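Number of protein chains: 8
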Amino acid sequence: MDFTFDWSRAARTGLPEAVLCSAKSPAQITEILAAAQARGARLLLTRLEPAGFAALDEGARAGLDYDPLARTAVLGGKLALADTPVAVVAAGTSDLPVAREAVQTLAFNGEGALLVADVGVAGLWRLMERIEEIRACRVVIAVAGMEGALFSVLGGLVSAPVIAVPTSVGYGVAEGGKAALTSALASCAPGVVTVNIDNGFGAACAALKMLGAAVPANQER
Amino acid sequence: MDFTFDWSRAARTGLPEAVLCSAKSPAQITEILAAAQARGARLLLTRLEPAGFAALDEGARAGLDYDPLARTAVLGGKLALADTPVAVVAAGTSDLPVAREAVQTLAFNGEGALLVADVGVAGLWRLMERIEEIRACRVVIAVAGMEGALFSVLGGLVSAPVIAVPTSVGYGVAEGGKAALTSALASCAPGVVTVNIDNGFGAACAALKMLGAAVPANQER
Amino acid sequence: MDFTFDWSRAARTGLPEAVLCSAKSPAQITEILAAAQARGARLLLTRLEPAGFAALDEGARAGLDYDPLARTAVLGGKLALADTPVAVVAAGTSDLPVAREAVQTLAFNGEGALLVADVGVAGLWRLMERIEEIRACRVVIAVAGMEGALFSVLGGLVSAPVIAVPTSVGYGVAEGGKAALTSALASCAPGVVTVNIDNGFGAACAALKMLGAAVPANQER
Amino acid sequence: MDFTFDWSRAARTGLPEAVLCSAKSPAQITEILAAAQARGARLLLTRLEPAGFAALDEGARAGLDYDPLARTAVLGGKLALADTPVAVVAAGTSDLPVAREAVQTLAFNGEGALLVADVGVAGLWRLMERIEEIRACRVVIAVAGMEGALFSVLGGLVSAPVIAVPTSVGYGVAEGGKAALTSALASCAPGVVTVNIDNGFGAACAALKMLGAAVPANQER
Amino acid sequence: MDFTFDWSRAARTGLPEAVLCSAKSPAQITEILAAAQARGARLLLTRLEPAGFAALDEGARAGLDYDPLARTAVLGGKLALADTPVAVVAAGTSDLPVAREAVQTLAFNGEGALLVADVGVAGLWRLMERIEEIRACRVVIAVAGMEGALFSVLGGLVSAPVIAVPTSVGYGVAEGGKAALTSALASCAPGVVTVNIDNGFGAACAALKMLGAAVPANQER
Amino acid sequence: MDFTFDWSRAARTGLPEAVLCSAKSPAQITEILAAAQARGARLLLTRLEPAGFAALDEGARAGLDYDPLARTAVLGGKLALADTPVAVVAAGTSDLPVAREAVQTLAFNGEGALLVADVGVAGLWRLMERIEEIRACRVVIAVAGMEGALFSVLGGLVSAPVIAVPTSVGYGVAEGGKAALTSALASCAPGVVTVNIDNGFGAACAALKMLGAAVPANQER
Amino acid sequence: MDFTFDWSRAARTGLPEAVLCSAKSPAQITEILAAAQARGARLLLTRLEPAGFAALDEGARAGLDYDPLARTAVLGGKLALADTPVAVVAAGTSDLPVAREAVQTLAFNGEGALLVADVGVAGLWRLMERIEEIRACRVVIAVAGMEGALFSVLGGLVSAPVIAVPTSVGYGVAEGGKAALTSALASCAPGVVTVNIDNGFGAACAALKMLGAAVPANQER
Amino acid sequence: MDFTFDWSRAARTGLPEAVLCSAKSPAQITEILAAAQARGARLLLTRLEPAGFAALDEGARAGLDYDPLARTAVLGGKLALADTPVAVVAAGTSDLPVAREAVQTLAFNGEGALLVADVGVAGLWRLMERIEEIRACRVVIAVAGMEGALFSVLGGLVSAPVIAVPTSVGYGVAEGGKAALTSALASCAPGVVTVNIDNGFGAACAALKMLGAAVPANQER
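Protein chains in written order, with the UniProt record's numbering: chain G, 1 to 221; chain R, 1 to 221; chain H, 1 to 221; chain U, 1 to 221; chain Y, 1 to 221; chain A, 1 to 221; chain W, 1 to 221; chain S, 1 to 221.
If you are wondering where the hints come from, they were derived from the structure by calculation, not from laboratory data. In this text the structure is predicted, and so the values were computed from the model without any measurement. Virtual Cβ for every residue (Gly too), placed ideally from N, Cα, C. It is possible that some hints are incorrect.
[Claimed, not checked] To spell it out: a stretch of chain A is covered by chain Y in this simulated footprint if at least three of its residues, at any positions, have a beta carbon under 8 Å from a beta carbon of chain Y; those stretches are:
| hint | segment |
| --- | --- |
| 1 | 113-127 |
| 2 | 167-179 |
[Stated by the list, open to error] Label pairs and their computed distance ranges (CB to CB):
| hint | chain 1 | residue 1 | chain 2 | residue 2 | range |
| --- | --- | --- | --- | --- | --- |
| 3 | Y | Gly112 | U | Glu31 | 40 to 50 Å |
| 4 | U | Trp125 | R | Arg61 | 29 to 39 Å |
| 5 | U | Leu79 | Y | Asp83 | 31 to 41 Å |
Please model the entire structure based on the sequences and the hints provided.
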């Protein structure tokens, strides 16, 4: 096959390359896995739906650590997790797959996370019960669909950077996540930043970069 | 001129006809005022910008009670205000013109209102300081631009109906009020209803109808 | 599972929590039902398609009162219905599922409704034949797809509040319900309010709040 | 100047060429007028705002019959009007400029029109008072902004073809006329056809073609 | 079932009611057919996909004259066709289903049509070869997807009214028919009118009204 | 000022850098002109409205060759024009400013052009009268607003590459040029390519590259 | 069947007609193939998905040279390929089907191509490693989804014309290819031109026309 | 006036409150300034256009440090700047106002910044000349309009977090900044985060939070 993997990405940007599986065939994924194994490289696969995972060769599947809720798979074994103060805060049950994708991406890089679920602002007390735990974190990833009001409320309550991940949970004007996305971008709480709809992977990558932001990139961390 | 005023609207729908001035010429407005005066009818004018008010004949202006912030004018005198429990809650200073339009429309119909301003959710404590006053009201009109997170937070805190009025305050993805509008429609708080962007007049009309909803329309209220 | 149910919602907002099933797995729904039964709580499930209902455990299904047209299910038994003057007015046959969702939500809360179907404005006489019945109601829920002209016509004929529910019935420019939604929001009839596309549940919640609007929330109703 | 006038249009399509002035300079308009006068041709100018008319040479202005409300001008004199049964029905006062553009285009071609104004559906009785006059016409041009509910109501009441002209009258979701346009296209009343927003000229051209539709184009009319 | 058929539509608007099957269940369609048969009424069904037709009772299917390309069915027998000069002009092979829906709707009302296919403007000579036949018609229905250039080219070549039917044929920016729709509305050829995307039925209804436009609606035709 | 001019662009891409003036202040433009003069470089300025030109220093203006219709200015003198077979074809008078921008950009690079104006497809004979001249050209730039049907008609008539330039000429659905743009992209004529709305400069740059496409970039042309 | 093939297209525009299969039935495709075979014409089929190919008659399939990745089929045999300097540059693995469609279209016309894959700008060194090969080409086709940054980077690095093909690879705001399309149109690199989303066929047609642009169309090439 | 300033914001979120002046009247701004001075608070004003600044009282103006390019004003004096490794990278001259707003916001909080201007990717060498300086920074703010390709290129070259600020610089499809915004959100470079269009203030606030992310919020920094 015709692919040119960016093996030097980690050195250049601090993030290892990952494989977005949603638009790739089983044959393409298998070939990529073989190339990674040949190099002894660890690899993170995202958006690998259960049906896609089942379509891989038994040999390919055997080497992968697969999470069907997050739709992620890890080649090359899990790392021990540091006790990283990243909070992943999800508004509703339906936002959990995206939240888990963020958690697994952090874990692939050896960072643990605090997952706080079901704290949508229509029942504000649920968020308030957990806010001190969240305030103790150094980065907050907020995951919400529908109208995405969680982003602004959180942004006004914590001093850590808040990365908003709008999800495609919703119908009518919220279909596909556009309502939550515009809420995140138009937030009245300064300092909220946003990634693409459903992009839990990207939010975790940004969090990893932010954790590293404390020291210049050309120094040891 | 060629116009057919709907003088029977009050009898039919409980709401007197009002005049949306934004797309009418001074000559048209003057003619409408003369027709109303000839019938001895009271009349509410909305979206009458200061320049438009100034462009009216001195005679026409003399009979009007004009509020430049709300951009409303009343012909035929103000009513004494009942102590109506309608709350008009505005997220920011820039939302005040729309909030005032709602207050003036209620006043034209003899109903007072509690105006609560500058309680955007990025500083949640400001809303919490006033929430008991708002909870005591029978209808809540919420006015917000930007991302409109106020609608969902309020909707989860009060048992009264919440009428969301998205405003055109904002820029970028929030320009023109679309972000706040979709937030209102996609709200995770059940029972929030919405009117068009900047439509403080319509929200007040809906509130008037809701206050009347306690008794059937064909009975005395 | 990781969920935090908002059991206090009824006390706070006058509306019991309901479960939107469309983005939840059978396992998640089963777990929620078990939690509700353990508390002895009644529960309303919405957007539960026949296939989703069939995918539940036989035990879970046994406790539910399921309406396949409305796609609602009730746990904990139906209430006797008050003779509530809420009219649910649907433009066409294809709008009936959404109209029924509103009716079932009212019924879950013990309120009856007058369902008036097939009164689209292209045959205006059909609406006119039923208008006196509708005028006798205290709240009107109007359900229409396509161009949604019903909202404005009704809004000009009744003194009760009109809650517009645009439906996703239509094709071309009406696909997904956007044309009906903008008609509702731009209505020339003052006092029409709107909820999200296909949101029969939300419209009923708003109606319940409006019926309660006759007395302050902190008093007995 | 570099322009190629389509002098044969009338022979080919039954419609004389007209000049859309909105994107043309006074110099370009003057040149076109001179060319038309040199040929002894009559000419209709549309979208000629009062400021644009005032910017023309006094000589050019002298030869024109200008209507500031319709923003049209006619070169070469008016025709006597046939008693044509075309109804031009406008929802509100603000829709009159577009309605008048249609009336003037018909007049330029020697056809009279019945102008019915201020019959928006929020006060349905106003339309019903005039409906028999409208029903007697052979073509109906309906002009409305906001939510455009007039198109469907009219479409269900008359047997003549209904040409919808959405207008850019409105704000929020109705800004620019999109809400009225989608209402016209999605109309539940069969047989309603639509032209571009504010296109009173185009609607009149279509009406002229429809009146001619009674006899094949290659026969005498 | 709860439906109110508009049996008087033909008398009021000159068009018999038809049934849009796309959002109706087989049970609903069967019930409507039974009601029509009970009255001895003829009926046109549109958007009845082959799978939907197959899902009807054998008895219901037996009484229908079904056209799988047009996706129409007729109850009550076909009429002899008048030699009506309506041209239905389709740009490409993929536009034929919509063009046939128009032809069948005309046929249901006893009017024949000239179907001209595969005359997209990228090969202009194909249209030019047929243009005299088209010019002899009193109404032209133009059916095109993609960029819809056919509408303007035809509009400049014939004196009959041109009814544009944009189709959902296309991909990328043309997906769903929006590109063809805006081409029709923005056409530089005056007198082109438009119906909703894929609405061959509506175009035929408009054509029927236009053919009747030659004589007042309250006279014999 | 803080600017880094790309003086090596010509060597790298075959196109000299140009200055888009629309978002620059007179001071910024003056500074850029001084830097260019100091290097003895020729420079093309685009989107320099008459008011912007007038706001420059008299000294700066003196060195410029300004075309108010095209809104371009040339520093450093015009070149003698090669007899280049590039056709610039404009649909209407209102499209001339964009067409002229393309012509001036070609001229700045020493290439002449054939300007064919006022050949919109509503009067197809006008285009047919000029088509042989256009067919003799090696590249065709087509400039049209409204519905942009010219692009597809031309694309089907010539063997040269056709570069579509949609213009912002139009109103309603054509406002801002979106309708013409989607027509260009969705064209049924293969081989039509598109640039941004009103981008006459970009179309000319592409034409220059295409003329050079006959020989590899690393050889002499 | 009712189709009018444009057999003279090659003579008129330099491009043979091709068949877009996505909206055609197997019967229609078979009929078209038979007609081509009867004339002894070669034919290119595009957007023929594997399932669509499998649905053709065995006889029809036998005569076709099918490429499942490109989803193209060729009737009438392949040509020997000239050593044409066209580069087809794809950003990612998921863009390969569209890139291959371009390569096969060029091959159908006897032109070879240099395919450069997996050179997305997030790993810029991958593009830089291949840039000299690309610079040696006379036309560059750039294929990218997501944010489409490749178009501008390439446009600034080569002197050949760059034809951007946005692909529908992406999710969230990139869904359907709109983000990549607007990037191509808004490119800050002058001389980039664009075709519709996923239109590898159209890009290849444009490239063929550009290669021919070196000599006037009415001369021998 | 009716305003409730959020004086505790700094304690809660680490960011002092700022005043967005674009939708406020001179009277409102003057009143806010007086309140701040009464408390001895420092204050940052953003989006204060030169005309708005000139409209303030001379007294109010005297206390402000105004930057007309950034459109910011500072009340209460500037801080000495730390040598903060934040890079603010702007694609073009027209993006400088937004870039400067970010720089001034950082300065208000005592942090310096490295401003790198005019490094758009169409001339990639300009960015490459400065890349080592940028790589030495701990946070990168990237400011670009048009197609926003800078975001992805930078995101692939540095290990620091990249905050994209799309600007409203552009025309046609790029008008208002939507093209650059979607490029940022759809970026193929992992870890790029985005703020609203033109929101240089918000990007600087996010950078301040990220710099603080190295230590938990409830510890000393």
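Hint check:
no., hint, in the structure
1, 113-127, "holds (count 5)"
2, 167-179, "holds (count 6)"
3, Gly112(Y) x Glu31(U): 40 to 50 Å, "holds (48 Å)"
4, Trp125(U) x Arg61(R): 29 to 39 Å, "holds (33 Å)"
5, Leu79(U) x Asp83(Y): 31 to 41 Å, "holds (35 Å)"
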